[in-house]
Amino acid sequence: MKLLEKLLVGVEFGPTAPEVLDTAVFVAKHFSSEVILLHVVPGVSERYSDAIAMIRTDVEMELQEAVERVRAGGIDNIQTVVDFGIPYDLILQHANQKDVNAIILGAREKSQNALGTTAAEVRRGATKPVWLVKPGSSLPVKSVLCPVDFSEASGRAMRNVIHVARCFDANLAVLTVAPCSSSAHDMEKIAAEARRAGVEPESVLMDHYARDFDLHGVRWTKFIRKGKPHEEILKVVDEIKADLLVMGSAGRKGLARMLMGGLARKLASEMPCSIVTVRSEHAFRPRVEPQGGDLDEFFKQGHELLALGFPEEAGRQFRQCLAKDKKFVPAWEGLAAVSQRLGRDDEARQYLDRAEQAAQEQYHKQVEADVREQHFLFRSMFGAKDKE
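Per numbering that gives the first Met the number 0, the sequence shown starts with residue 0, numbered consecutively.
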């Protein structure tokens, strides 16, 4: 089951190209992804068809070097695309048309103006997650930071960064900077109770917030800081030697944009390490293929989804099993495991009780069948003949 099926890589023939390609290889190897290499030639009118044909040939030859670098990294599923027009516009078009999971682009040096027009516009306009590779960024990714403000935007970032940390076997730091808004998750009551108890509200909010996510198999640490968000984030990046920052990027309107969107823009420009911004779409989208309604296949997919950190999706597969057989004990146990992952302990106990009940019913049914088969009285009463 692939979590990152397709990666769109914007290729520029410059000094940062090797780092962008190496990042694409690193990600694709972990997730068995297809790599789509896209180069956009700007400023050529369609009226000059002969010139376009010549340029395309030259670009395709140069793009072949990128293909060879990716293939040398162990990736065979590679596609190349050459297009003409406005780079950021065409990157967004191809990302949507090909339904990629994420976009990988190079960013400028920290000392240069912002990110560069293409990277900045793609980050602003993409619904897909965007991985901006900063010059000098290090691989493999071993330390990841995710700043949160308990908004929906940071929730999307959390769901994605958990899979990143788990699959890369990286340490995850989750940071919130006080004072932060708790209204996005309706946590004002929790924060108020913490203040009355003399406890740091952000720490309590973080603990409560983390319960919404499946963090199994992830080494994570919470950081609570006070001050200006972008300054504190940069400090923690330096403190933990972060290789990657993953954060939510909100829409174009409303309070969420003030909380996460503007901060994401500022950090994307100043961050010394690579950064992934997550807007409305998740990078990790498990595709469950229909298998003809086979009970064992439903259970297998549910078990795999749970191991990959998708408890809700796993629960749907286990319920498909029970729709076919209410006494299928492993499915009840699977639902109990899902509930435990989601912190619903009472619900988990109920599912375990159902599993035990189903197992007992099956046991008694089997005992009765054995008795009917073997006991003399049952054979005589029901007319069963002795086996010869």
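It is worth saying that the hints were derived from the structure and are not from the lab. These numbers come from a predicted model, not from an experiment. We treat Cβ as the ideally placed atom computed from N, Cα and C, and that holds for glycine. Please note: incorrect hints may appear among the correct ones.
List of simulated lysine-lysine pairs, DSSO-like, C-alpha gap at most 30 angstroms [as the list claims (entries may be wrong)]:
no.	residue 1	residue 2
1	K97	K5
2	K234	K1
3	K221	K234
4	K240	K5
5	K221	K141
6	K240	K97
7	K28	K5
8	K240	K28
9	K5	K141
10	K299	K1
11	K323	K299
12	K227	K1
Distance windows between CB atoms, simulated [stated by the list, open to error]:
no.	residue 1	residue 2	range
13	R286	E346	25 to 33 angstroms
14	H302	K225	26 to 34 angstroms
15	P14	D88	49 to 57 angstroms
16	P329	P41	52 to 60 angstroms
17	Q96	R318	32 to 40 angstroms
18	T220	H29	45 to 53 angstroms
19	T56	P329	56 to 64 angstroms
20	D324	E346	50 to 58 angstroms
21	Q78	K225	22 to 30 angstroms
Each hint, compared with the structure:
no., hint, result
1, K97 to K5, "8 angstroms, holds"
2, K234 to K1, "35 angstroms, violated"
3, K221 to K234, "14 angstroms, holds"
4, K240 to K5, "29 angstroms, holds"
5, K221 to K141, "17 angstroms, holds"
6, K240 to K97, "35 angstroms, violated"
7, K28 to K5, "12 angstroms, holds"
8, K240 to K28, "23 angstroms, holds"
9, K5 to K141, "23 angstroms, holds"
10, K299 to K1, "15 angstroms, holds"
11, K323 to K299, "15 angstroms, holds"
12, K227 to K1, "39 angstroms, violated"
13, R286 to E346: 25 to 33 angstroms, "27 angstroms, holds"
14, H302 to K225: 26 to 34 angstroms, "44 angstroms, violated"
15, P14 to D88: 49 to 57 angstroms, "24 angstroms, violated"
16, P329 to P41: 52 to 60 angstroms, "56 angstroms, holds"
17, Q96 to R318: 32 to 40 angstroms, "34 angstroms, holds"
18, T220 to H29: 45 to 53 angstroms, "22 angstroms, violated"
19, T56 to P329: 56 to 64 angstroms, "58 angstroms, holds"
20, D324 to E346: 50 to 58 angstroms, "21 angstroms, violated"
21, Q78 to K225: 22 to 30 angstroms, "48 angstroms, violated"
Of the numbered hints listed earlier, those contradicted by the structure are 2, 6, 12, 14, 15, 18, 20 and 21.
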